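Trainee: Take a look at the letters that make up each chain.
Protein chains: 4
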Amino acid sequence: MTRVGFVGLGNMGGPMAANLVSGGCEVKVFDLLPELINGVAGASGCASAAEAAQDVDVFVSMLPAGRHVRGLYVGDGDNPGLLSIMSPDTLIIDCSTIDPDSARAVAEAAAAQGIAMIDAPVSGGTAGAQNGTLTFIVGGEPAAFERAQAVLNIMGGNIFHAGGAGAGQVAKICNNMMLAILMTGTAEALSLGVDNGLDPAVLSEIMKVSSGGNWALNVYNPYPGVMPDVPSSRGYEGGFLVDLMRKDLGLALQTAQSTESAIPMGSLAQNLYEVHRQVNDAGRLDFSSIQWLFKPELKG
Amino acid sequence: MTRVGFVGLGNMGGPMAANLVSGGCEVKVFDLLPELINGVAGASGCASAAEAAQDVDVFVSMLPAGRHVRGLYVGDGDNPGLLSIMSPDTLIIDCSTIDPDSARAVAEAAAAQGIAMIDAPVSGGTAGAQNGTLTFIVGGEPAAFERAQAVLNIMGGNIFHAGGAGAGQVAKICNNMMLAILMTGTAEALSLGVDNGLDPAVLSEIMKVSSGGNWALNVYNPYPGVMPDVPSSRGYEGGFLVDLMRKDLGLALQTAQSTESAIPMGSLAQNLYEVHRQVNDAGRLDFSSIQWLFKPELKG
Amino acid sequence: MTRVGFVGLGNMGGPMAANLVSGGCEVKVFDLLPELINGVAGASGCASAAEAAQDVDVFVSMLPAGRHVRGLYVGDGDNPGLLSIMSPDTLIIDCSTIDPDSARAVAEAAAAQGIAMIDAPVSGGTAGAQNGTLTFIVGGEPAAFERAQAVLNIMGGNIFHAGGAGAGQVAKICNNMMLAILMTGTAEALSLGVDNGLDPAVLSEIMKVSSGGNWALNVYNPYPGVMPDVPSSRGYEGGFLVDLMRKDLGLALQTAQSTESAIPMGSLAQNLYEVHRQVNDAGRLDFSSIQWLFKPELKG
Amino acid sequence: MTRVGFVGLGNMGGPMAANLVSGGCEVKVFDLLPELINGVAGASGCASAAEAAQDVDVFVSMLPAGRHVRGLYVGDGDNPGLLSIMSPDTLIIDCSTIDPDSARAVAEAAAAQGIAMIDAPVSGGTAGAQNGTLTFIVGGEPAAFERAQAVLNIMGGNIFHAGGAGAGQVAKICNNMMLAILMTGTAEALSLGVDNGLDPAVLSEIMKVSSGGNWALNVYNPYPGVMPDVPSSRGYEGGFLVDLMRKDLGLALQTAQSTESAIPMGSLAQNLYEVHRQVNDAGRLDFSSIQWLFKPELKG
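In order, the protein sequences belong to chains A, B, C and D.
Going by the working numbering, the final residue of the first sequence carries number 300, and the count climbs one at a time with no gaps.
Going by the working numbering, the final residue of the second sequence carries number 600, and the count climbs one at a time with no gaps.
Going by the working numbering, the final residue of the third sequence carries number 900, and the count climbs one at a time with no gaps.
Going by the working numbering, the final residue of the fourth sequence carries number 1200, and the count climbs one at a time with no gaps.
If we strip away everything but chain A, and leave its shape as in the complex, we get (with noise of 0.2 angstroms):
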């Protein structure tokens, strides 16, 4: 029976950690806050990340920013951070979407301890996290990812292997911002052809199966009334909120910072979607709401 520890039990850890305890594992949990260790049933509270760190073959870790995980795991100020206490078989995990910086500083770290790491940031959302249909994109040594393969299975679907340490970043990275050019250009595309006369709905069959087919246009259709079951044929509610496509994007200017990449589109889409938020107060609608943008009269 895999031993696992788990930190981070948010709307995406929580249910990450109930379908590890359900798929058989035996679970400890810890979390800032104490009623969120309450709400994993079947997984044994712990009274902090030290504890839900001792003794378990994996220890999975899933955060808001890299901040946290180089404070979790290499320490801040007087804490120590887990690496120091950690066996060295246990398999670190780290779910959380950060800065590829992060990622590889914190492996390294993780490396210099004779522990192995990966990075391994999801997509899915919340629903993935709780129907456990989670993808996973792994950066890590081959062997460690090998390792994972289990845990991960009972967690997601799709495990993928980007590359080395902090590689699994760069890709959701890469794709998510990939996500942000498709969804924006999408919604202006969508728009022009509406203000010359097409029915979107035509428009968008044509160009499902022509040149400009894409993931946004083919099952995220973000213009109301197109496609059913997707947010934007519900106010936009529900879905990947603006506010994580926007975490996300800041994610892509920092790494592109870094490398001294140029990323002219990904930087159009981040900053039109600031403005989306600003002037149509969408932080908390799903991410297709862009369509507002050059549709307001949608806004209703």
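It should be emphasised that the hints constitute simulated quantities derived from the structure, not laboratory data.
Note that the coordinates shown come from a computational prediction; the quantities given were computed from them, not determined experimentally.
A virtual CB, placed ideally from N, CA and C, is assigned to each residue, including glycine.
Honestly, I wouldn't trust all of these hints.
Short derived list, chain C residues pointing at chain D, Cβ under 7 angstroms [said to hold, decoys possible]:
(1) V770
(2) A789
(3) G793
(4) N814
(5) S833
Model the placement of chains B, C and D on the given structure of chain A, informed by the hints.
Mentor: Then chains B, C and D, alone, in the frame of chain A:
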């Protein structure tokens, strides 16, 4: 036996007319360049567009720009235009890619003469023209759309009905603007990944099956060496030229202007293609060569 | 006594014609709206543009777009155009802001009739038209430029000679595209400062005398309360309307298209103005209201 | 006689320290590169930053980035940081251009020790450093701002007070982002004019006194041959390097991220500079060389 008149016998029009001959039509052809007239084996060469438009069931035109199409049908200066001499029984199929305003204006002028007309811009390039596998996106009345099926089917495969007069142009313009956004965004996302240590092939595989999936990435990868048999793997030769993409993006800007639509992503892509053409002398390269703007070292 | 014909008596043309009367010219006026003809006290109303163009030393036009200017002088359809009836001794001054291609085409047609013509688009707004303080940017032959001085000096202050036919339009278009970039950039820089705790007036004072100094910041500050007597301090009323800036940006895009020039910053400003107009219903506000796009809370 | 400690003796810091010696201060200097220490004639070389910070009235630092400033004052790892050893009577002047968050954090840490600190980033380049004509934009308490006057006046001319701690950084960042927008926009406007037949010098003269006037156009014209004695007229040598502008634009992006501000024009300028650096290998050229991106034929 369908009698077809055909005007405009360039890289696209020539093979299209030849396919009509092969497909069993009786074809009369004209071009301002006499040598192109002789290039269509099995067709009757004409001394003027007016001659080619006499006694035909269907009249097809394939011209560079809106002013040529207006000049051909409506006339300009001392040239009266074909509408004044064509039989009302003739169906006009304009396969040119032009601005929707011109397409609508000519279709209205035709309707005023009792002549049915559709705009049917194509995609699929010279290879599609030669192989008879073009895609047609049609604007016009349903009845005219039906009448055009037989002839269009000889020249191509997919045939879409986008809406009324001009809608074929609008849909093609929206699609190709989307394509420019996809290609530019894909090139920049792949560069960002490579700059951060990822293998472009691995990153492409991951994004293809994730939410970053899109036509440019999936079937026309711009990064050299990732995909065989695409222009990026043969020095960006052939394919869909930067200059042709620039023409279509120009139509997108013109169309957006006429309806006062915001197209920030499309406009940025258009400007990046303009810069790319200039700094890389890339007008005659495939449009996926935009990759060079983000990875100049690939230029070699 | 200089005899002047004047066509186009709107918000700009009316006061300009009135100033010519006050300045001692003998003025004949025409407009398609009869009530505007009567609005110019001291001028002789005419029944047609042709009548206003007879027996005058100078003929001035102030029209909305290139097609009107071409129609007036070169004619269209059954309308022969004024060039066919004007005396070669008449100097034509077209004060309309139009596309350079139209300006050049009409000037060439005039030259073919032996008639001298200059394009002389203005800046300075309705206040400048009323006060006779307009700026003229002139394209045309040096001799024609000299002949125009006396009349232009009655209507305005600064008179620039930008080059040959059409150069006045090009220079105005470049200037106003630059102005849109200045205003949008200034609005976003001030917002960034305010978001980070700075007083917009203090930041403006620093940038004005530093390398960020520019016309929009220095004399037309878009942030409310920083500068008295500018539109930002009276709810963005009056001034230079968003819709007029959008017209000029449209000409910039059209001009850039015709010469295949890259204008990424101008294009982005144009699209941001389009978004601003739509989401803030801002077409009739002063163009410095673009500040709202970056600080929606200022909208109140 | 004012006693000054000075750390960071590079291209900027070295001449600044030398001017303090010339200006009558008693100066102690330190740099990680020993040869730079000896380069400041008349100053006392120190073996450590801590030694330079002992028994001084004012302590000046001129370092590359926020992490160096935090490391110097607050410490990192085993390095305790100067704040723990400095006298509360010492005034700290940090002349580095860094992110506002770091500036504020260090100022707060200093205040906690009872030590007054201002951020005072400079503009004016190496020439300004040598000639004592730098501009300082200061953030900090009014009292500290007053105490710093004497020393700042030795090193520079204009001294601005932008606000509280970090405000100097914010103001400089906003100004330099604006400058990047001015330069990029001016380069593209001039190219548009030239592409349409205008003389860049004539167009510049017109825009300078019109609403397109701005610092880049007026005193630092990017088009070769328009203005003598600026980098554009000597092959873009010297001046303010593309790499330095890129650093400042990076700080602008980082600052905008931290306050969730939209800076679409600044972001586009940043990306265009990134593309320019790459395709034109332009990092070590003056930042007005962005003109090449719009007029590659000028590259020669």
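Trainee: Each hint should be assessed against the structure and marked as holding or not.
Mentor: Results of checking the hints against the structure:
1. V770: 4 angstroms, holds
2. A789: Interface hint status for C:A789: holds (4 angstroms vs cutoff 7 angstroms).
3. G793: 5 angstroms, holds
4. N814: Holds: closest Cβ of chain D sits about 4 angstroms from C:N814, inside 7 angstroms.
5. S833: 18 angstroms, violated
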